[in-house]
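Residue numbers (this note's numbering), protein chains in the order written: chain G, 2 to 479; chain Z, 120 to 595.
Keep in mind that the hints are not guaranteed to be accurate.
20 angstroms max Cα-Cα, derived DMTMM-like pairs, lysine to aspartate or glutamate [said to hold, decoys possible]:
{"hint": "1", "chain 1": "Z", "residue 1": "Lys463", "chain 2": "G", "residue 2": "Asp86"}
{"hint": "2", "chain 1": "G", "residue 1": "Lys80", "chain 2": "Z", "residue 2": "Glu411"}
{"hint": "3", "chain 1": "Z", "residue 1": "Lys495", "chain 2": "G", "residue 2": "Glu99"}
{"hint": "4", "chain 1": "Z", "residue 1": "Lys463", "chain 2": "G", "residue 2": "Glu99"}
Computed footprint of chain G on chain Z, listed as stretches where at least three residues anywhere in the stretch have a Cβ under 8 angstroms from a Cβ of chain G [what the hints assert, rightly or not]:
{"hint": "5", "region": "184-198"}
{"hint": "6", "region": "307-313"}
{"hint": "7", "region": "416-426"}
{"hint": "8", "region": "485-491"}
{"hint": "9", "region": "523-530"}
Derived Cβ-Cβ restraints for the label pairs, each shown as a range [said to hold, decoys possible]:
{"hint": "10", "chain 1": "Z", "residue 1": "Tyr488", "chain 2": "G", "residue 2": "Phe30", "range": "37 to 43 angstroms"}
{"hint": "11", "chain 1": "Z", "residue 1": "Leu502", "chain 2": "G", "residue 2": "Thr251", "range": "41 to 47 angstroms"}
{"hint": "12", "chain 1": "G", "residue 1": "Lys356", "chain 2": "Z", "residue 2": "Pro220", "range": "46 to 52 angstroms"}
{"hint": "13", "chain 1": "G", "residue 1": "Lys3", "chain 2": "Z", "residue 2": "Leu502", "range": "33 to 39 angstroms"}
Since the hints were derived computationally from the structure, they do not count as laboratory data.
Ideal placement from N, C-alpha and C gives every residue a C-beta, glycine not left out.
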Amino acid sequence: MKYIPSVGMEVHAQLLTNSKMFCGCPTHFGESPNTNVCPICLGLPGTLPVPNKRAIEHVIRTSLALNCTIAPTALFYRKNYFYPDLTKGYQISQYGEEHPIGTLGWLEIVVNGERKRIHIRRVHLEEDTGKLFHFVPGESEVDYNRCGMPLMEIVTDFPPDIHSGEEAKEYLVQLRAILTYLGVCDGKMEEGSLRCEPNISVAPEGSDTLGVKTELKNLNSFRSVVRGIDFEAQRQSEVLESGGRIAQETRGWNDEGFSFPMRSKEGEQDYRYFPEPDIVPVVIDEAWIESLRATLPELPLAKWERYQKEFGLSAYDSGVLTADYETARFFEACVTHKADPKSACNWITGELAAKLNADNKRIDQTPFTPAHVADLLSLIQNNTITSRIAKDVFAEAYQNGRMPSEIVQSQGLTQIADETALRSMAQKVIGENPDIVEKLRSGKEGVMGFLVGQVMKESKGRANPQRVQEILREEILT
Amino acid sequence: MELHTLTAHELSRKLRAREISALELTEAVLAHIERVEPAIQAYITPTPELAREQAKQAQARIDQGDPSPLLGIPVALKDNMCTEGVKTTCGSQILHNFVPPYNATVYRKLQEAGAVLVGKTNLDEFAMGSSTENSGFFTSRNPHDTERVPGGSSGGSTAAVAAHETILALGSDTGGSIRQPASFCGVVGMKPTYGRVSRYGLVAYASSLDQIGPITKDVRDCALLMNAISGEDPNDSTCVQLPVPDFTDALVDDVKGMRLGVPKEFFAQGVQPEVVTSVRSAIDKLAAAGAEVMEVSLPTAEYGLPIYYILAPAEASSNLARYDGTRYGLREGFEEGHIRMMEKTRAKGFGNEVLQRVMIGTYALSAGYYDAFYLKAQQARTLLRRDFERAFEQCDALVCPTSPTPAFKIGELADDPLAMKLADVLTIPVNLAGLPGISVPCAPVNGLPVGLQIIAKPFDEATALRVAYAWEQMQG
């Protein structure tokens with residue numbers, strides 16, 4: 002029997018704010034344990050939470066970008082449970098169908114060249130908990146630095162629109178792009194600032210009910226999302242095929258390629274939700290919504306289409322450029338500086354991307370700017386430098402931020418236009434390599450590359466290889 | 120001259136006139152505490168050294184001509200308000216060793232006003248109770264009869280003011296915890312409008328009802344203390360951004376033309392006849408002074424107690440979840456794993472009344488019961504609030520008894536929890552509606568104080584103070 006998977010996506014995005022959700026503690030990471038805390042996020046007796054306006058605005062903007070309805074009044078609730086990483090004995094979150102900030106929206110993904118709408122059920126705001134560490138068996142230590150960090154939860158609607166690991170990944174790619182475009186989350190899955198917990202079920206093809214679902218944790222890359230979901234769907238299909246039943250449970254993903262049971266979800270815990278009396282309802286009026294709507298940038302999918310139409314880029318290249326807001330912004334700035342869009346795209350997705358990748362840097366973290374790209378491209382285009390030299394010039398400009406034309410000028414790297422000079426270099430190479438020259442004469446075209454290379458070396462890369470080949474041919478064959 | 124028997128406004132005049140020094144005043148109060156504390160037991164933690172230090176600083180400010188009316192005036196805080204470096208127990212064994220690293224907003228404001236902290240007062244554990252008998256440490260005594268309770272939960276603060284162990288005090292009032300003990304101890308106690316005074320640093324019992332307020336010897340002191348503690352606070356989003364009037368402007372000794380409503384339900388529900396007589400006579404005198412008195416009805420008020428005993432425990436069950444032995448306070452059973460540690464810590468650290476309310480509240484919020492209890496109680500609360508709104512369409516303030524009886528004997532109601540809870544039946548509706556209410560002494564019954572309660576519209580504490588002041592002046 003063929004089984005069709007259905008996937009619900011629950012995504013937690015750590016919001017980019019200066020301070021925590023309900024207190025003034027900074028949000029940066031990497032402090033020594035329990036130092037980035039205050040009486041409020043530690044939940045000391047008598048303290049009260051005051052919601053972070055910026056965090057609320059981030060969620061409103063995200064909800065707008067996801068075509069959600071914005072609640073006129075957003076309410077916070079208390080989710081009550083006991084755990085040592087929870088300082089108040091409850092987590093402040095949003096709950097219910099009416100009062101999350103955003104409800105019932107959608108985003109579009111492209112699968113097999115076609116647009117598909119993924120429906121969103123809710124976009125809400127909550128606080129993060131502390132973190133437990135188990136260094137010694139039987140002992141636990143707790144760090145409350147993360148306590149009270151603002152988190153946005155985005156949940157897809159039911160019944161699910163997503164039916165494969167690939168679709169789930171596309172959803173996540175689009176969502177991540179939107180979040181980075183809005184500047185509400187840095188989208189780093191490896192560091193946990195964007196966390197994805199899909200729930201997966203399978204049902205026989207043609208069935209109109211869904212199967213028992215499992216929730217999958219520990220997916221910290223796009224690749225693990227695809228693999229994890231596909232594995233889980235396959236596993237469930239095999240269990241059902243062999244007459245077994247699926248246990249409702251939370252499972253962990255191991256990057257070696259399998260999922261394992263973590264805890265049962267049968268008999269749901271009662272969180273005793275009730276409206277948080279310490280926070281007055283947040284009234285979100287039209288004026289506030291409109292002022293935030295005005296700050297929304299062009300969204301990734303729209304950009305993706307425009308790049309293809311306006312610049313004639315391929316769907317793939319447009320996808321690479323638009324997946325990340327800073328990259329798209331960088332590219333557009335290159336175009337503004339009159340760089341040829343296609344060449345700019347090639348440099349950004351080629352040389353520059355490779356360098357950034359090797360250095361583990363973001364595109365806005367080096368002194369190499371769109372102005373540098375435009376300058377470099379114009380040097381190549383008007384034959385001032387060769388593409389060989391261009392790579393060296395790029396490497397230097399990337400390091401120290403000097404303008405390519407300035408580097409070329411001061412180091413005399415311009416292409417050698419002087420025919421006599423080129424010809425004498427060619428003659429020198431011919432004189433030094435009589436055997437090779439003989440081979441060429443006897444029709445072995447393959448050796449031409451070597452001779453051109455030697456002349457290029459002689460010219461320190463400043464010769465035009467096309468012209469060098471022509472000159473060599475003239476010198477040797479006529 | 121017995122300095123400790125005077126009021127804050129009298130003492131402030133003497134301080135400013137250099138008749139006395141702030142240290143002299145503080146020493147007088149500290150000496151009196153030494154004398155009477157064994158009999159009264161108002162304080163969990165007296166703070167004599169801190170008081171002397173603050174008195175010296177206050178004197179320096181007086182010498183510089185600082186006009187703050189509370190400069191150098193001794194004040195006591197109920198031990199559920201956080202004081203940096205000074206133990207804050209909430210009357211609970213679970214916080215027996217808790218020293219806050221920060222100050223409650225009210226304490227910060229009092230420090231800015233130059234008041235002198237003489238100690239932290241006893242209370243029913245986590246403010247749950249009406250007698251201080253639920254304190255995790257000891258029961259305080261009523262200065263008018265030490266066989267009797269001072270009321271609660273702010274019984275330590277009211278006993279301290281009544282016994283002149285402080286000049287001013289702050290209490291907190293969730294269902295009557297300032298007004299009822301003020302009534303029992305024969306002092307003035309005001310619960311401000313919900314949102315008038317910051318709750319930041321007040322250890323929460325029931326967050327939607329808790330409010331800090333003054334406990335004083337007379338109405339003028341009450342107004343002065345209201346001036347010092349009221350107003351918005353960036354640390355408390357439920358604290359309202361409204362301008363704060365000078366409450367002493369309300370002390371005009373004139374009730375002519377004021378419309379006073381007498382809620383008939385507040386004279387029926389088991390209110391002791393002698394208490395009715397005392398309060399009626401006060402109302403008659405206010406009428407004689409020119410107030411227009413009319414009967415009004417609050418039909419939902421009879422549900423006040425059941426509404427309260429669902430909502431308050433529900434919030435408490437959540438508010439008290441943080442006392443689990445992980446971070447501060449009592450810790451039991453650490454070696455048995457975190458679940459056993461939490462269970463053992465809470466079982467040992469909380470007294471019976473607290474455990475009972477936590478269980479009731481947990482039940483009321485549970486899946487399958489939430490709609491029938493918590494939600495229903497919230498809806499009834501809205502109806503009760505509307506009752507008051509309708510009554511205030513006809514009148515400026517409501518007048519009634521504060522508590523159905525005078526102070527009862529220690530242990531008298533120990534086996535009758537319902538009777539104990541009825542002590543708050545006339546004050547609870549005011550918390551549920553979020554209104555300001557004040558209790559001022561009226562004619563005693565059998566030598567025991569009785570309180571006249573005046574209830575006003577939201578953020579109209581001034582009107583309650585005006586009626587209270589006029590009544591106080593009539594008694595001479």
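Against the structure, the hints come out as follows:
no., hint, verdict
1, Z:Lys463 x G:Asp86, "holds (18 angstroms)"
2, G:Lys80 x Z:Glu411, "violated (50 angstroms)"
3, Z:Lys495 x G:Glu99, "holds (19 angstroms)"
4, Z:Lys463 x G:Glu99, "violated (39 angstroms)"
5, 184-198, "violated (count 0)"
6, 307-313, "violated (count 0)"
7, 416-426, "violated (count 0)"
8, 485-491, "holds (count 3)"
9, 523-530, "violated (count 0)"
10, Z:Tyr488 x G:Phe30: 37 to 43 angstroms, "holds (41 angstroms)"
11, Z:Leu502 x G:Thr251: 41 to 47 angstroms, "holds (43 angstroms)"
12, G:Lys356 x Z:Pro220: 46 to 52 angstroms, "holds (49 angstroms)"
13, G:Lys3 x Z:Leu502: 33 to 39 angstroms, "violated (58 angstroms)"
The structure does not agree with the numbered hints 2, 4, 5, 6, 7, 9, 13 stated previously, though it agrees with the rest.
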